[in-house]
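Visitor: Spelled out from the first residue to the last, the chains are:
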Amino acid sequence: MLVRFEEHQSFDPLIGQLLGFGRDVDSLYDSSFESPAVEDAAFAPHLDVSENKEEVVVVAELPGVKKEEVKISLEKGVLTIKGKREEDTTSGDARGLLREQRRGKFARMVRLPYEVDAAKVSAELSDGLLRIVLPKAEAARAHEITVR
Amino acid sequence: MTQLNNAVVKKSEAESGQGAFLRAPMSIPASDVSETGEAYLLHLDMPGAQKEAISVTVVDGMLVVRAPMTPIHGEGAAVLYREIRTGAYERRFTLGEGIDRNNVDARYENGVLALRLLKSEASKPKEIVIR
Numbered sequence: 001m002l003v004r005f006e007e008h009q010s011f012d013p014l015i016g017q018l019l020g021f022g023r024d025v026d027s028l029y030d031s032s033f034e035s036p037a038v039e040d041a042a043f044a045p046h047l048d049v050s051e052n053k054e055e056v057v058v059v060a061e062l063p064g065v066k067k068e069e070v071k072i073s074l075e076k077g078v079l080t081i082k083g084k085r086e087e088d089t090t091s092g093d094a095r096g097l098l099r100e101q102r103r104g105k106f107a108r109m110v111r112l113p114y115e116v117d118a119a120k121v122s123a124e125l126s127d128g129l130l131r132i133v134l135p136k137a138e139a140a141r142a143h144e145i146t147v148r
Numbered sequence: 001m002t003q004l005n006n007a008v009v010k011k012s013e014a015e016s017g018q019g020a021f022l023r024a025p026m027s028i029p030a031s032d033v034s035e036t037g038e039a040y041l042l043h044l045d046m047p048g049a050q051k052e053a054i055s056v057t058v059v060d061g062m063l064v065v066r067a068p069m070t071p072i073h074g075e076g077a078a079v080l081y082r083e084i085r086t087g088a089y090e091r092r093f094t095l096g097e098g099i100d101r102n103n104v105d106a107r108y109e110n111g112v113l114a115l116r117l118l119k120s121e122a123s124k125p126k127e128i129v130i131r
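Top to bottom, those sequences are chains A and B. Here the first sequence is numbered in this note's numbering, starting from 1 and rising by one per residue. Here the second sequence is numbered in this note's numbering, starting from 1 and rising by one per residue.
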């Protein structure tokens with residue numbers, strides 16, 4: 001089952017904003033969880049989303065992917081991670097005995113829970129983990145209000 | 001087929017579910033295994049492991065790969081959504097007789113652990129010369 005992000009326009013601060021993820025907790029365990037967010041992708045990488053006061057941080061698992069093969073874009077509050085993992089690491093004369101690694105094109109979209117400052121987004125790929133740091137827009141940050 | 005049975009591929013106790021719940025949270029790395037004339041090649045997806053913390057050992061005919069997973073969120077961060085497992089990576093492979101246990105080469109790159117297990121002399125394919 002492919003869950004399209006258009007269905008998630010309504011904003012639920014905890015779970016509703018994320019793609020490939022239905023509205024209720026049960027869907028955590030159904031097959032939509034594994035579905036690529038983009039149709040020609042072979043798989044959708046697993047990811048975590050966290051926040052602190054200043055930023056939203058998205059971490060995606062991309063083992064075996066070179067940084068030249070990753071494209072990240074941000075449009076209308078939706079972060080898209082796309083790219084390709086090499087089809088095969090084995091040389092010509094090798095015979096495959098077990099194949100579990102997910103390869104080929106991947107794509108994943110995430111609706112961000114806050115407005116972010118697109119000009120200040122940074123990303124780093126290290127040891128197979130892609131870490132994207134998205135500073136919150138000034139308006140989205142928590143402000144303390146002084147009681148007079 | 002004999003070769004495959006003799007070889008490295010066998011699901012571990014943890015994978016079949018038995019005993020898994022008795023341990024700390026654990027993630028089983030997705031693995032590709034292939035074979036050439038000289039060696040078995042294993043590739044394990046272990047994103048976020050640290051090279052220095054990965055242990056590869058041969059115990060009782062089993063190749064055991066273990067690595068703690070580094071926490072990926074900073075202190076004080078609130079996790080809004082979680083799919084990446086935490087805890088440790090662990091995977092076991094049963095080694096066949098035809099493997100030289102003293103000759104295992106390991107590399108970790110881009111979150112993938114690559115192991116090369118050389119076949120013992122006796123189990124390499126040999127061409128027989130017709131006289």
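It is worth saying that the hints were derived from the structure and are not from the lab. Each hint should be verified, as a subset may be incorrect.
What the hints assert, rightly or not - Label pairs and their calculated CB-CB ranges:
id, chain 1, residue 1, chain 2, residue 2, range
1, B, 51, A, 145, 43 to 49 Å
2, A, 95, B, 106, 48 to 54 Å
3, A, 131, B, 61, 20 to 26 Å
4, A, 95, B, 70, 17 to 23 Å
5, A, 69, B, 102, 20 to 26 Å
6, B, 53, A, 131, 53 to 59 Å
7, B, 37, A, 72, 39 to 45 Å
8, A, 140, B, 58, 30 to 36 Å
9, B, 74, A, 74, 54 to 60 Å
10, B, 125, A, 76, 54 to 60 Å
11, A, 115, B, 62, 48 to 54 Å
Claimed, not checked - Quick partial rundown of chain B residues pointing at chain A, CB under 10 Å, derived from the structure:
id, residue
12, 32
13, 33
14, 34
15, 35
16, 40
17, 47
18, 60
19, 70
20, 74
21, 77
22, 81
23, 88
24, 126
25, 129
26, 131
Claimed, not checked - Distance condition first, Cα-Cα at most 20 Å in a straight line; then the derived DMTMM-like pairs of lysine to aspartate or glutamate:
id, chain 1, residue 1, chain 2, residue 2
27, A, 53, B, 75
28, B, 124, A, 93
29, A, 82, B, 121
30, B, 126, A, 93
31, B, 51, A, 93
32, A, 105, A, 40
33, A, 82, A, 93
Note that beta-carbon positions come from the ideal geometry of N, C-alpha and C, so glycine has one too.
Visitor: Decide, hint by hint, whether the structure agrees.
Guide: Hints, one by one, checked against the model:
no.: 1; hint: 51(B) <-> 145(A): 43 to 49 Å; verdict: holds, 48 Å
no.: 2; hint: 95(A) <-> 106(B): 48 to 54 Å; verdict: violated, 21 Å
no.: 3; hint: 131(A) <-> 61(B): 20 to 26 Å; verdict: violated, 39 Å
no.: 4; hint: 95(A) <-> 70(B): 17 to 23 Å; verdict: violated, 34 Å
no.: 5; hint: 69(A) <-> 102(B): 20 to 26 Å; verdict: violated, 36 Å
no.: 6; hint: 53(B) <-> 131(A): 53 to 59 Å; verdict: violated, 19 Å
no.: 7; hint: 37(B) <-> 72(A): 39 to 45 Å; verdict: holds, 42 Å
no.: 8; hint: 140(A) <-> 58(B): 30 to 36 Å; verdict: violated, 53 Å
no.: 9; hint: 74(B) <-> 74(A): 54 to 60 Å; verdict: violated, 21 Å
no.: 10; hint: 125(B) <-> 76(A): 54 to 60 Å; verdict: holds, 58 Å
no.: 11; hint: 115(A) <-> 62(B): 48 to 54 Å; verdict: holds, 52 Å
no.: 12; hint: 32; verdict: holds, 5 Å
no.: 13; hint: 33; verdict: holds, 4 Å
no.: 14; hint: 34; verdict: holds, 4 Å
no.: 15; hint: 35; verdict: holds, 5 Å
no.: 16; hint: 40; verdict: holds, 8 Å
no.: 17; hint: 47; verdict: holds, 3 Å
no.: 18; hint: 60; verdict: violated, 21 Å
no.: 19; hint: 70; verdict: holds, 8 Å
no.: 20; hint: 74; verdict: holds, 7 Å
no.: 21; hint: 77; verdict: holds, 4 Å
no.: 22; hint: 81; verdict: holds, 4 Å
no.: 23; hint: 88; verdict: violated, 15 Å
no.: 24; hint: 126; verdict: violated, 16 Å
no.: 25; hint: 129; verdict: violated, 21 Å
no.: 26; hint: 131; verdict: violated, 27 Å
no.: 27; hint: 53(A) <-> 75(B); verdict: holds, 12 Å
no.: 28; hint: 124(B) <-> 93(A); verdict: holds, 14 Å
no.: 29; hint: 82(A) <-> 121(B); verdict: violated, 45 Å
no.: 30; hint: 126(B) <-> 93(A); verdict: holds, 16 Å
no.: 31; hint: 51(B) <-> 93(A); verdict: violated, 29 Å
no.: 32; hint: 105(A) <-> 40(A); verdict: holds, 8 Å
no.: 33; hint: 82(A) <-> 93(A); verdict: violated, 31 Å
Checked against the numbered hints above, the structure breaks hints 2, 3, 4, 5, 6, 8, 9, 18, 23, 24, 25, 26, 29, 31, 33 and satisfies the rest.
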